[in-house]
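Take the sequence shown: its position 646, counted from the start at 1, is 645 in numbering that gives the first Met the number 0, and no numbers get skipped.
Be aware that a few hints might be false.
Here are the simulated BS3-like cross-link-like pairs (lysine-lysine), alpha carbons at most 30 angstroms apart as the crow flies [stated by the list, open to error]: (1) K80 with K149; (2) K798 with K895; (3) K411 with K460; (4) K834 with K552; (5) K552 with K384.
It should be emphasised that the hints constitute simulated quantities derived from the structure, not laboratory data.
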Amino acid sequence: MIKTLELANGMFVSKSIAEVTSVPHYSLLSDELDRANYLNQVLFTQLLQTVHRKSGDESTSFEFLFQSIGVDNQTYKAQVKLYIIVRKIGPVQTANEAFISDVISSIKNDLTDKHFSVSVFTTDAEYDAFEQSLLRTDNTRVFSISKREKAIANAMSVNGLMYYNDVIEPAENVNPRTLINALTQYPGSVISMQVIPTEYRTEEVYAIESGKQFLAYYVSDLQYRQGIRIDANTQMIVDAYDYYSRAAHEPLFLYNLVVFAEHSSALDLANKLMGAVEAEDKATGSALDIVDVTKFNLSPGQNLFASPWLINDVLVNRAREESFWNGNNAQQHMLRMKHLMTARELRGIFKFPIDDERIISIDSNRILSNREKLHKSVISDDNFKIGVIQNTGGTEGNDVTHAGIALNDFTKHCLIVGMPGSGKTNFSLDLLLQFWNDFKIPFLAIEPTKSEYRSLVDSIKELQIFTPGKSTISPYIINPFLPPTGVTVESYIPSLMSAFKASFSMPSPLPDIFLAAINDCYNEYGWKNNSTRDDPFVQRFGLYEFIKVFKRKIRNLDYRGEVKANMESAGIVRLTSLIEQNSNIYDTVNSIPLEDLLSRPTVIELNAINDKEQKSLIMALLLIMMCVYTKNNIAGDGKLKNVMLIDEAHVLLSGGSQKSDDNADSQGSTVAALEDMIAEIRSYGTCIIIADQSPTKIGRNIIANTNVKVIFKLVEKENKDAISTATNMTEAEYDLLGRLGVGEALLHHGRLYTPLHVKTYYVQDRANLRPVISDGEIASLSTYWDTRQELLIPHIECKYSHYCQEKCDFRIREDGDFLATRLINDCLYNLKDKKVFVQFLVGMNSNIRNLIKENASIKPSKRLLNCVKIKFLRKATLIKTYGITRGEYCKILDHKAFLNRE
0 MIKTLELANG MFVSKSIAEV TSVPHYSLLS DELDRANYLN QVLFTQLLQT VHRKSGDEST
60 SFEFLFQSIG VDNQTYKAQV KLYIIVRKIG PVQTANEAFI SDVISSIKND LTDKHFSVSV
120 FTTDAEYDAF EQSLLRTDNT RVFSISKREK AIANAMSVNG LMYYNDVIEP AENVNPRTLI
180 NALTQYPGSV ISMQVIPTEY RTEEVYAIES GKQFLAYYVS DLQYRQGIRI DANTQMIVDA
240 YDYYSRAAHE PLFLYNLVVF AEHSSALDLA NKLMGAVEAE DKATGSALDI VDVTKFNLSP
300 GQNLFASPWL INDVLVNRAR EESFWNGNNA QQHMLRMKHL MTARELRGIF KFPIDDERII
360 SIDSNRILSN REKLHKSVIS DDNFKIGVIQ NTGGTEGNDV THAGIALNDF TKHCLIVGMP
420 GSGKTNFSLD LLLQFWNDFK IPFLAIEPTK SEYRSLVDSI KELQIFTPGK STISPYIINP
480 FLPPTGVTVE SYIPSLMSAF KASFSMPSPL PDIFLAAIND CYNEYGWKNN STRDDPFVQR
540 FGLYEFIKVF KRKIRNLDYR GEVKANMESA GIVRLTSLIE QNSNIYDTVN SIPLEDLLSR
600 PTVIELNAIN DKEQKSLIMA LLLIMMCVYT KNNIAGDGKL KNVMLIDEAH VLLSGGSQKS
660 DDNADSQGST VAALEDMIAE IRSYGTCIII ADQSPTKIGR NIIANTNVKV IFKLVEKENK
720 DAISTATNMT EAEYDLLGRL GVGEALLHHG RLYTPLHVKT YYVQDRANLR PVISDGEIAS
780 LSTYWDTRQE LLIPHIECKY SHYCQEKCDF RIREDGDFLA TRLINDCLYN LKDKKVFVQF
840 LVGMNSNIRN LIKENASIKP SKRLLNCVKI KFLRKATLIK TYGITRGEYC KILDHKAFLN
900 RE
């Protein structure tokens, strides 16, 4: 964007501003720092020559502006910002703007080619913010750096004096780091370096050549007629006029080198600026002066359009030695010489710094600009967008290059890693929004520790959210033993075993016993190897029924003492804790059909579950169910059909546990089995996205076998080593991992030879997501259960209660569980045998009513009585079997004296 102002005289002045947002690390230019400094100087010398060639007259100006802005909580006091400002005055606005557009584009291209990052202003807001920041500059003292003026008596001169300036010996191949570092200590300061391309005027050429001829005659007379060697002072004058004469054939500039700063810091900055212009330890002393121009009320933020010409007018015509220039002997034709420099003289200072590893506060590029010819799918307009490529020439406006992925490449799975606060969640939200809103790909997001994904509910109206552990919000139920639709028992059992072993530590011989109990339980409830959930001859059973079979299995095995106790602890206690701690989730014979979870955008929040093993079990069950369902129900055409995102994946994929004494590493081997399952479903169109803070916690196989990798900031060496090995990173890319900004990432997938540095999109730019949405609002928005109440009927026993055959009342269920637990604690351990136990069951109405009277918040009803009895029967027979067979158990439920009828 180019800004233009019409002047009172009908002329137009136009300007364009660009910020240099980062500079190259010297290693991107050369392995040797001295060589890198030389190449940087060559770059800016060529830039000066180019801009002079393109403009030539005094209607154009170029400015490098260094601004220090105060910062908190840093080791330095100010952040230094670097700007380029190009201006032009002319009678035709369009011509001005076309010229500036060409020049700023050329400068930007030259700088980005040498690994500077340049962002050209494209909005009024950027211009306004920049101008306002300049107006806050401390202008207490203003110093100008300019050539020192001298004059000697000259009897042959009309005026009796000869004016000259010492010749500058420019600093060669020096990085202006000292100047930048000094600025970091002085907030609110500005150093402005403005140049205006020009040429000698006719009268200046005449004055120079006349002086040069006189000096040639004078030196010749001394040397050849009088035999006197010329002194050092005379030689300096000769050198000055030789320089003036040569300068007529070089790019020549009017210059303004000005420091705006607080009183005590201005002189230090002026000295640093002067030191950057010329070489150190010059034998004849400095050729420059520091001139206090505070009284002229100059400001970097005022008259920003015409600033270079206005400031130069002050420096050339007003900020001068009045006693000389107002006198009769002044050589007016030499007036501008103090503020004229060639490109060779300016090259010491008119440049931006590079990162020499001692510069402060400036962002550094340590990765080469991407010059790889990208696969068309990476930059295709219709691909899945990941972010804006950072290591290319384009950085703003229409120049940006978006990095993307062919949609079907996600079937090879995805890995998202990065430390907290690096931008993973923002990216994941944007990812899910794109999948559904742009491509209508449904997703299932599992969120173990937070509730951030619910914010998508405003932008995805079809989103369904389940809250395990918060049944009053949006219940989630899962029966591990109910295979997904279309999956046989024979296909399902190995996967089910993998899920349990991934969640529970199973020392030998527990896995074998567990598997035998699973087979026995399916057999007992009528399931054959080829049975599916829709088989009319099978009876559904759940975790409660399995625990009873498992206990019987261990009881009948020939194990004694510690071995038997360990198996009971590792198996029975863990399984029982599932239905005791989270009975509303696990203690059921029903499951939400997997197809319901996969057909619409879905979020499952596990943050209400405190036990890691229980979280792990849900995650493992969902993963294995998706895998077996996909393999048995989805056509393997390789097209992406659905997505499963597992956040904080280390909860499940912990990379293997420590081996026990008998060398069994059940969890590690099970993780490997889950990894194999993930690999197997690639061709069926399911994408598994693994997200975690630490690559090492999810295992090297997962890292290696995910095609798409989005890597946010990583600091720990172990994590960096793990991910860099899998993505073929260079040393510079490896180093960049620890310096990535928020939202920045390295993208790697099968169609890229090297990682791409990208800036991921800010999700709020795509959708207005609220950071906090209450449980009450989620409950009001949840509609899934409105038409599926029958799935919430949890137990086999519930069908014997007339009141519970169509739906389950959660309030009554909670009250029933509470009262049943009280009865267990108060009565069960006094019931010594089966007969006494059955007699208690038949006559327990009075016990229940007495408990209800003690709890005024509980409302009595026949439905509640039945619920308490069923809950008590289940809990009691899980603790003490009393030798009750399954047939006797059913007779108790069906007995007219046990449950209330209508």
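Consistency of the hints with the structure:
no.	hint	verdict
1	K80 with K149	violated, 37 angstroms
2	K798 with K895	holds, 14 angstroms
3	K411 with K460	holds, 28 angstroms
4	K834 with K552	holds, 25 angstroms
5	K552 with K384	violated, 54 angstroms
The structure fails to meet hints 1, 5 from the earlier list, while all remaining hints are met.
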